[in-house]
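K.L.:
If you're matching them up, the sequences are chains A and B in order.
Position 29, counted from 1, in the first sequence is what the working numbering calls 29; the numbers after and before it change by one each time, with no gaps.
Position 80, counted from 1, in the second sequence is what the working numbering calls 402; the numbers after and before it change by one each time, with no gaps.
Calculated from the structure, these hints are not laboratory results.
Careful: at least some of the hints might be erroneous.
Example chain B residues on the side facing chain A (calculated, C-beta under 8 Å, incomplete) [said to hold, decoys possible]:
id, residue
1, A431
2, G464
3, R565
Now the stretches of chain A that chain B is said to cover, found in silico as 3 or more residues with beta-carbon under 8 Å [said to hold, decoys possible]:
id, stretch
4, 170-183
5, 258-271
Listing some non-contacts, in silico: residues in chain B with all C-beta distances to chain A over 12 Å [as the list claims (entries may be wrong)]:
id, residue
6, E326
7, V336
8, A346
9, T388
10, L394
11, E420
12, V453
13, L456
14, W459
15, V472
16, L518
17, Q547
18, I566
19, L595
20, Q596
Each residue gets a CB set at the ideal place from its N, CA and C atoms; glycine is no exception.
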Amino acid sequence: MSTDVIAARGLTKRYGEATVVDGIDFAVTKGEIFGLLGPNGAGKTTTILMMLGLTEVSAGSVQVLGCDPAREPLAVKRRVGYLPDSVGFYDHLTATENLAYTARLMGITAAERPQRIHDALARAHLLDVADKRVATFSRGMRQRLGLAEIVMKRAEIAILDEPTSGLDPQATVEFLELIKELKSEHVTVLLSSHLLDQVQRICDRVALFQVGRIVLLGSVTELARQVLGAGFVVEVEAEPAPGTELESRLHAVPGVSTVMRTGHDRYRLTADRDVRPEAARAVVAANGALRRLSVDEPSLEAIYARFFQNQPSGNAGVRDAA
Amino acid sequence: MRREGSPWQGFGAVFLKELADHLASARMRVLEWLVVLTAMAALYSAIDRLRETTAEDPFLLLRLFTVNRPPLPSFVAILGFLIPLMAIGLGFDSINSEHNRRTLSRVLAQPIYRDALLAGKFVAGLATLAVSLLCLWLLVVGLGVFLLGVPPGGEEIVRSLVFLLVTLAYAGVWLALAMLLSIVFRSAATAALVALGLWLFLAVLWPMLAPAIAQIVAPPDLRMQLLGLPTLATLEWQQGLSRISPNHLFGEVVLAILSPATRSLGPIFIDQLQGAVIGAPLPLGESLMIAWPQTVGLIAGMIVLFVASYVVFQRQEVRA
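Please put together the full structure from these sequences, using the hints given.
P.N.:
Below you can see the structure in the form of structure tokens.
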């Protein structure tokens with residue numbers, strides 16, 4: 001596909017006997033936010049380093065923007081921005097000086113440098129601390145400075161390794177907003193994380209890593225369907241008209257796989273999509289009194305937990321998800 | 323598999339940043355003051371002594387470097403001892419600090435090769451040392467003119483400049499060693515301790531050990547011993563072993579360059595000296611010939627150590 005900016009085929013990394021990344025295949029499409037998910041030590045960072053040509057590939061291949069990072073690392077690194085896990089800066093330099101150094105390494109001309117540094121700092125909301133030494137920066141500010149570097153580079157792909165780990169909730173929200181801004185500028189974002197709800201909030205597609213393999217790949221909804229059987233849980237609270245019953249009618253709604261009666265007037269539907277409008281219509285058609293209708297989107301957390309529990313999928317899992 | 327792009331890309335940026343860091347660092351300032359103050363003390367006492375013999379000496383400026391007055395050692399002896407300390411101070415944390423500050427992967431994710439980072443750091447360290455040595459040299463020459471009142475001759479200036487270059491090569495050996503250790507050991511403290519240990523071993527212990535080992539390898543001939551003369555084989559072993567230490571090589575070069583009367587750095591027989599006017603100075607070219615093998619040895623040592631660090635660094639994993 002011509003729109004794939006990253007394509008890995010049978011990508012493998014071995015350290016001696018240990019296989020850290022074991023023949024993974026995936027493709028990232030231009031402009032999407034792609035999440036690499038998995039517990040620590042599952043091979044996410046190694047995969048990222050192979051994409052940047054910072055560590056050698058043992059077998060298989062990876063193409064980034066049509067280049068092989070092992071053969072043409074400079075061409076790849078010129079167009080890809082990387083924010084490492086718990087990024088570090090030179091503490092004795094100011095934010096501006098730190099960016100000026102990397103700008104020089106990137107080969108940005110001296111005439112262009114001040115403007116691009118200024119713009120990048122503005123984007124990362126760091127202008128007021130531009131001339132403070134990085135030693136005084138909080139972790140969230142350092143992460144934002146790392147993102148400013150990627151902005152300054154005008155990277156086509158931003159690779160972020162655990163960008164929000166260790167940030168407080170406020171800083172996390174701000175950081176995720178910045179990532180979304182990148183996406184709106186058609187930057188492809190590759191994000192590795194073990195913090196599931198954040199990944200779910202911003203990623204278009206995710207790849208789930210387990211001991212060096214990608215065990216699941218797709219959008220969250222797809223994964224939910226695959227792992228949990230059905231992704232959406234719709235709660236209906238409705239009083240059936242006397243003499244009628246709702247359960248079979250709700251069951252007849254297209255997309256609904258199971259209906260459970262959880263109380264006198266409560267029903268829990270599991271479905272492969274959001275079936276609230278159809279459910280409402282069904283209740284009203286049966287002259288029932290609809291009181292409440294709510295939906296729980298499938299959570300990655302549940303998918304993750306379910307997958308690693310290695311249990312057959314069923315209703316129990318869906319109930320946990322809700 | 324051929325790499326695309328130049329390995330020098332980013333070299334200038336790394337070089338300038340490291341140079342600025344070195345020149346501004348408190349560590350460098352302390353080391354410079356240490357060297358300057360001890361060197362000045364040695365110089366001052368040397369000048370004191372030289373005043374007595376000013377009229378007789380054609381190489382007064384060079385004497386400034388080499389003359390000592392107990393208890394202080396000569397200026398070059400102090401340099402030979404302290405320059406490794408300065409070089410180690412500049413190099414012992416050059417790569418492992420990037421690891422520990424977690425800046426390495428970020429910097430290497432920029433469009434540069436590792437070559438540029440390593441070479442930039444090394445050359446910046448060397449440039450810092452060159453600047454400090456040049457200042458020290460100017461200080462010595464200036465003080466010499468000021469306190470002795472005798473302008474230096476052309477040959478003296480050339481000889482002392484050659485000395486400056488050799489000193490730089492000597493410093494380069496220690497800088498390359500310190501950088502190698504900074505790559506091998508992830509902890510800066512370990513790298514510093516190992517470097518300082520090697521420095522003390524080669525500067526203090528090795529000169530004592532070399533003769534002992536030579537005696538074991540080539541036991542002295544009894545007949546020569548009875549005559550009160552050293553055995554040639556033992557002497558050669560001793561010299562060969564001593565020359566493993568860069569300090570010894572540096573000392574020999576300094577002797578040949580700064581004392582124009584030096585005719586040989588190894589053992590010499592009486593019959594080889596037939597017709598020689600003992601104590602007469604050699605021309606500059608001849609002195610350089612004598613010092614050449616040692617100088618090449620120092621430069622080669624620097625290159626070998628740098629290549630070793632290059633190889634280790636290229637194979638090292640980036641992730642912390």
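K.L.:
For every hint, state whether the structure bears it out.
P.N.:
Right, here's what the structure says about each hint:
Taken as an interface hint, B/A431 checks out: its beta carbon lies about 4 Å from the nearest beta carbon of chain A, inside 8 Å. Evaluation of the B/G464 hint against chain A yields a violated restraint, the C-beta minimum of about 33 Å exceeding 8 Å. At about 40 Å, the closest approach between the beta carbon of B/R565 and any beta carbon in chain A exceeds 8 Å, and the interface hint on this residue is violated. As drawn, the stretch 170-183 of chain A meets chain B at 0 residues by the rule of a beta-carbon pair under 8 Å; below three, the given contact is violated.
Under the rule that three or more residues need a Cβ within less than 8 Å of chain B, the assignment of the stretch 258-271 of chain A is violated, with 0 such residues. Under the 12 Å C-beta cut-off, the non-interface status given to B/E326 relative to chain A is violated; the minimum distance is some 5 Å. Not every CB of chain A lies more than 12 Å from the CB of B/V336, the least distance being 7 Å, so the non-interface label is violated. With a cut of 12 Å on Cβ distances, B/A346 falls inside the contact zone with chain A, its closest approach being about 8 Å.
The claim that B/T388 lies off the interface holds: its Cβ sits roughly 40 Å from the closest Cβ of chain A, which is beyond the 12 Å cut-off. Chain A leaves B/L394 outside its interface by the beta-carbon criterion, the shortest separation being 37 Å against a cut-off of 12 Å. With a least beta-carbon separation of about 8 Å from chain A, B/E420 fails to lie farther than 12 Å from that chain, contradicting its non-interface assignment. With a least beta-carbon separation of about 20 Å from chain A, B/V453 lies farther than 12 Å from that chain, consistent with its non-interface assignment.
Once the 12 Å rule is applied to beta carbons, B/L456 is consistent with being away from chain A; the minimum gap is 26 Å. The beta carbon of B/W459 is kept farther than 12 Å from every beta carbon of chain A, the shortest such distance being approximately 30 Å. Every C-beta of chain A lies more than 12 Å from that of B/V472, the closest at about 46 Å, which supports listing it as non-interface. For B/L518, the condition that its CB be more than 12 Å from all CB atoms of chain A holds, with the nearest at approximately 24 Å.
Chain A leaves B/Q547 outside its interface by the beta-carbon criterion, the shortest separation being 57 Å against a cut-off of 12 Å. Distance check for B/I566 against chain A: the nearest CB is about 35 Å away, which clears 12 Å, and the non-interface claim stands. With a least beta-carbon separation of about 59 Å from chain A, B/L595 lies farther than 12 Å from that chain, consistent with its non-interface assignment. Distance check on B/Q596: its Cβ is at least 64 Å (rounded) from any Cβ of chain A, clearing the 12 Å threshold; non-interface status holds.
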